[in-house]
Amino acid sequence: MRIVIINYGAGNIQSIMFAIERLGFKAVLSNNPEEIQAADKVIFPGVGEASSAMTKLRESGLDSLIPTLKQPVLGICLGMQLMCNSSEEGNTKGLGIFDVDVVKFSNQVKVPQMGWNQIYNLKSDLFAAIPENEFMYLVHSFYAPNCPEAIATTNYDLEYASALQKDNFYGTQFHPEKSGEVGEKILENFLKM
Amino acid sequence: MLAKRIIPCLDIKNGRTVKGVNFVDLRDAGDPVELAEIYSAEGADELVFLDISATEERRKTLVNMVRSVAEKINIPFTVGGGISSVEDVEILLNNGADKVSINSSAVKNPQLINDLAQKFGSQCVVVAIDAKQIDGQWIVHLVGGKVPTELNLFDWAVEVAERGAGEILFTSMDNDGTKNGFANEALAKLSTLINIPIIASGGAGNIQHFVDSFKEGKADAALAASVFHFKEIEIKALKQELRNNGIEVRL
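Residue numbers (the UniProt record's numbering), protein chains in the order written: chain A, 1 to 193; chain B, 1 to 251.
Just chain B, with the same shape it has in the complex (with noise of 0.2 Å):
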C-alpha cells in the first residue's frame, strides 16, 4: 500500500536552516545538509525546504543549497519560497529538487500553475495554501498569513488541481504554532473535492495529531517543523505509533 509520508520542515535563510534546532549532535546546526541527512536517516520520506531570505544573492545562495543537498540526499526534497517563474523553478530543478512549492505567485498569477504543469510535469509542482477561517469561511491568506485574499480554500484548491498542481500543500493559520492539532475538517473536505494527493500543515503537538491528522483528515502526508526540530518527537517513534493505529508507513 501507499505509505502515508511524514515529512519534516526545514526554514531556511541565506542557505542556512533558522529557528533553534535542539539536536545536540549536530556539528553545525544551521547546516541543512547536515540536518537533512539525520531527518533523512530517522525515517523521513520527504523534506521541504522554505527558503525566507530577501537579499539579492537569494536564489545563488539557495541553488547552492539545492545542489548540496542532492549530493548527500537520497530521498525527495522539496523547495519553496519565493520562486515566481518557470526560469526560478527550471535552475532548482535542474540542480536536483525534486518538487518546487509555489504560493504567492501562483495567487498572483494562476497561470504559472499550468506552465509549470506542462513545462516539467505536474509531479514536481507542489502548490502551498496558508488559509485561515473569517467569519466561518476559509480564506487564503498570503505572506505568512498576513494579507488575505478574495480566495476561498476549497475553490482556490478545485481551481490548483484543475490547473495541473501535482499535490497541494494546506497550512491552516489558525492551527499553525498552536500545537493544538491539525485542521481535520478542512483536510478531510479538501480530499472530497480534489483527487491529487494533499499535505497536511500547521499544528502538530503531539503524535496522536499526526494519527488524527490520517485518520480524520484524510491527509497524504503530514508536515511538521518544530516538533521535530526540537526533538519533542522522533520520526522513527511517531512512524511506529501510526503502524499501531493500523495507519501504512514506511519503516
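Looking at chain A on its own, in the form it has when it is part of the complex (with noise of 0.2 Å):
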C-alpha cells in the first residue's frame, strides 16, 4: 500500500510519519502531483495560520488537485479546515470539498481549545470499533460549525463538528497521532479502507 502525506511546508509532520510506521505501514512525503494521485491513501496534515498554509497550498498547485483526488484523503487539523469552504481565519477561501465554514470560538472559552476532549455522534467507517465519548487531543482556535457532513462532535463553546466526511474526503480536527491508543486505531481504520 502506497501511503502519501501530502508536503506543502505547513505542519507536524514527523508525528504522522511515526505514528504510521507504530502502526506496521510505511509512508512517504510529496508533493508531487503524480505520486500523490497514484496513492492509495493520502493524509492531508496542517498547523499553524490558515491563510499562509492555503497560500503554500496554491504555490504548489496542490489546492486544484486534492479535491479531484479519488482515493481515501485524511485531512487533519488545519487540513480538515483548509477542506472546508472558507476559515474567518485569514478570510481563507478554502477547497470547498465539505460544504462549511470554519470560525473562531467565541471568548467565553479559553482560546486555543488545547487538550484532551470527547468525540460522539460517531457515524462512519472511520470510527469502526470505537466507543462513544473518547478523549482525542485537539488544539485549535477555529472550528467547523455542526452540520449535516459531521461523522463526529465535541462540545467545547458549543457542539461542532470534530470530524467530516464526504464521499471518499475525510477530516478530523482531532489529532488521531496523538490520541493515544484510540487515535491510533482511528488512523488503521482509515489506512485499512
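The hints are all genuine.
Within a straight-line C-alpha distance of at most 27 Å, the following computed DSSO-like cross-link-like pairs (lysine-lysine) qualify:
#1 Lys26/A x Lys72/B
#2 Lys189/B x Lys104/A
#3 Lys119/B x Lys104/A
Negatives, chain A to chain B, calculated, CB over 10 Å:
#4 Lys41
#5 Lys93
#6 Asn146
Which residues of chain A face chain B? A partial, calculated answer using Cβ under 8 Å:
#7 Gln14
#8 Phe18
#9 Ala19
#10 Met114
#11 Trp116
#12 Phe135
#13 Tyr137
#14 Asn155
#15 Lys178
#16 Gly180
Source of the hints: derived by calculation from the structure; they are not laboratory data. Bear in mind that the values here come from a model prediction, so they are computed numbers and not experimental data. Note that CB positions come from ideal geometry on N, CA and C, so glycine has one too.
Make the complex out of the two chains shown on their own, each in a separate frame, by following the hints.
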C-alpha cells in the first residue's frame, strides 16, 4: 500500500510518519501531483495559520489537485479546516470539499482549545469499533460548526463538528497521531479502508 | 468536556533524565523514552522535557532524544530549555516535538514569541514564566528563580498572550519544592486576565493540591516532577480522585 503525506511546508509531519510506522505501515512525503494521485491513501496534515497554509498549497498547485482525488483522503487539524468552504482565520477561501465555513471560538472559552476532549455522534467507518465519548487530543482556535457532513461532534463553547466526511474525503479536527491508542485505531481504520 | 490535564515534567541532561527516579521496574532509569512510555501508559495527558544541559553538543543530543520520544509516544510533548531562536524551534518541531517552551529568551527578546507564533502557530508556543513574590509583588525571575527581572508576573502574562503564546506555564518559585500546594491565588488571577490555557507548576505534594489547583486556581493543566518520579502520587489514582471531585479528566 502506498501512503502519501502531502508535504506543503505546513504541519508536524514527523509525528504522523511515526504513528503510521507504529501501525506497521510506511508513508512517503510528497508534493508531486503524480505521486499523490497514484497513492492508495492520502493524508493532508496541517498546523499553523490558515491563509499562509493555503498560500503554500496554491503555490504548489495542490489546491486544484486535492478536490479531484478519488482515493481515501484524510485531512488532519488545519488540513481538515482547509478542506472546508472557507475559514474566518485570515479570511481564507478553502478547497470547498466540505460544505461548511470555519469560524473562531467565542471568548466565553479559553482559546485555543488545548487538550483532550470527547468525540460523540460517531457516524462513519472511520470510527469502526470506536466507542462514543472517547477523548482525543485537540489544539485549535477555529472550528467547523455542526453540519450534515459531521461524522463526530465535540462540545467546547458549543457542539461543533470534530470530524467530517464527504464521499472519499475525511477530516478530523483532532490529532489521531497524538491521541493515544484510540487515536491510532482511528488512523488504522483509515489506512485499512 | 475538555479534560484537565496532568503533565509529568522530566529534566534532561545530555539526553538522559536526571534526578533520582524511583521506578523499580525501569531497565534504565535515565532513559527518557522508557520513562515517557511508562507515564503515557499510566494516563499522563502530555509530557514536558526540560533540557538543562549546557554542553556544546547540547542541541544535537536533544534533537536525537526528541526523535526517539516521538517515534514511541502517542501523546503530545513539549520541549523546553535553552531555546532562543526560530531555528532552534524549527529543528525540534521537525523531529516530532509538538510544542516548545521558551522562558528567558522570551524575556530577553519578546519579539521571539510573535515570530514563533507567526511561523509555527500559537498552538506550539508555550511561554514558561517563573515568578516569586517580593514585597507582595509577583516578580518574574530568570535562571531557575535566581535572577529577578523588572517584570510583574501579570503584566508579562498579558503581554505574552497578546504576542501570540498558545499557553502559559506558570511556576511559582515560592511554592516550587515545598510540596505545600500550588500558588492558587496567582493562578486564578492569571485566568481572569488572559484567555489562553494556563499550566500550574510548583508545589505539588499530594492529590488535594491538584484538586485545589483546578478548583481554586482555575488551572487548565497541572505539572509536577518529583511526586510522579518518586511514585508518591500515581497518575491513575490521581485522575480517579480528580474525577471523584467532579473534575473532568481523561481516564
